[in-house]
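A.B. asks: Sequence:
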Amino acid sequence: MSAVRLLFDVVSLLAIFVLEIVFSGVKTAGMILSPYRRPKGAIVRMRYEGLSETGAVVLASMVAVTPGSTPVEIDHERGEMWIHFLDAEHAAGSIASIEARFASRLRRIFPGRTP
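First residue of the sequence shown? That's 421 in our numbering, and the numbers climb one at a time after it.
Below, computed lysine to aspartate or glutamate pairings styled on DMTMM-like, alpha-carbon distance capped at 20 Å:
hint, residue 1, residue 2
1, 460, 509
2, 460, 507
3, 447, 507
4, 447, 509
Read the hints as simulated data drawn from the structure, not as lab findings.
Using the sequences plus the hints, can you model the full thing?
C.D. replies: Encoded structure:
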C-alpha cells in the first residue's frame, strides 16, 4: 500500500470516528434522558475478518470510546469480539455500522489473516 493511500485511510477513519462519537453521544443521551423509552442492553457477537491482532484491538478501542457500546471480550483465535450495546433493539444495525465505518478501513491499515 502506498504511503498516500495509507495516510488517506487513516485521516478518513479518524474523521468518521469523530463524527460517530458525536452522533452516538447525542443518540445515547437522548435514550438515557427520555422518560418514555427504557433501552434494554444486550451482549452481541461481532465477527471481524482480515484484521491483525493490533487492528482488532484498535477496533475494540474505537468501539469502547463510542457512546452506547462497550467491548467485553476479543477472541483473536476465532476472529470475533463480544460487545455490550446499551440498546439491544438496534444492535444489528450498530454491528453493521461498526463494520462499514471502522472495520473496513482498519483492514486496509492493519491487514491480517482470516480466521
